[in-house]
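**Student:** Since the structure of chain L is already known, use the hints to place chain Z on it.
Residue numbers (my numbering), protein chains in the order written: chain L, 76 to 239; chain Z, 590 to 783.
Accuracy of the hints is not assured; some may be wrong.
Unchecked claim - Have a look at the derived ranges for each label pair, beta carbon to beta carbon:
id, chain 1, residue 1, chain 2, residue 2, range
1, Z, Gln707, L, Lys238, 31 to 39 Å
2, Z, Arg598, L, Val205, 19 to 27 Å
3, Z, Ser746, L, Leu187, 56 to 64 Å
Unchecked claim - Among the chain L residues that face chain Z by a calculated CB cut under 10 Å, a handful are:
id, residue
4, Leu81
5, Ala116
6, Asp125
7, Ser131
8, Ala138
9, Ile228
Hints listed in this document are in silico derivations from the structure and should not be mistaken for laboratory results.
Cβ coordinates follow ideal geometry from the N, Cα and C atoms, glycine included.
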Amino acid sequence: MSDFILFDEEFRQIKDVIARLKADAQAKVVFIVDKNGQQIAAQGDMESLDTTSLASLTAGNVAATDGLARLIGEREFPVLFHEGERDNVYISVVSQRVILVVIFDERSSLGLVRLRVRKANAELERIFEVIQQKVEAEKSRRLSGFDSPFAEITDEDIDNLFKD
Amino acid sequence: MTFINYAAREINCKIVYYGPGLCGKTTNLQYIYDRTNPAAKGKLISLATETDRTLFFDFLPLDLGTVRGFKTRFHLYTVPGQVFYDASRKLILKGVDGVVFVADSQEARMDANIESLQNLDKNLVEHGFDLQTIPYVLQLNKRDLPTALPVDTLYRSLNFKGEPTFEATAPLGIGVFDTLKAVAKQVLMELRKK
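Extracted from the complex, chain L is given alone in its bound form (with noise of 0.2 Å):
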């Protein structure tokens, strides 16, 4: 399985579409994570929110989610919802790879986001093919002798990791 690898560009992309969904949506907060659980991109209120752990748990959701719908001959379900008291969450999956979650309250609806998370989804799809076609590139450009930041590493490197 070939890495994940986010540029600068794409990063600054991603960020715009999710802001605009934001807004579009009303939404609290809009946040991007890979299926593996690591976070890609977050947009709104973010202050209060562990997003790190959301995002563990929401691939952790995805990836049992996955599960069932395979354990019934569903290839996956791409649209999660979970109806809170005051906040309530939108989970969509991004090109079989990356999960788009949206948090909103009463200020907006399960219609309106949906409507406008299919908007975004379609562009976020757009950007990380360009992703996955740079970090194709990046491989073969490594394969011939480009130097990674990482060609480097020294077991000193690592050894200062550790040292408290």
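**Tutor:** Okay, now just chain Z, sitting in the frame of chain L:
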């Protein structure tokens, strides 16, 4: 699958603690959590049953510091050890960068160790990984118990490729950080090859 974020200059890696039920996977994470400086760790999440058996996974994010200008972040996961949770176990191995196998040193758990190791092998293959090549460390836990088998015996039965092996007593922290360091090192060294 390492996630390299050039925009934020971060590397994120995923390490999974595997092993039979009650071998001490969660205890390893708990000890790491307790002994890590609060600035370097996130919340320890445990999806457990009411009797504290892992139901889905435990999760601990750790910031280890900077390597070559990149912040290194490790996400530690445990799997549920009980045999019947295999579907969940499989999900957690998705995108793994390194595996720690926590073996229970007691003679009575030897069959369970071997069964779990075979299960790990099988589940890794399903995700396209190979136990022979993935960064991997063996931990012989519960060395303090009187029923623990000699290290030699365990080594012969469980070590299959000369992987780094550590004796541990997880609740006291013996061997816990050595194990983590050894697997983290292999994962980062792996980046060199890519």
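**Student:** So which of the earlier hints does this model not fit?
**Tutor:** Failing hints: none at all.
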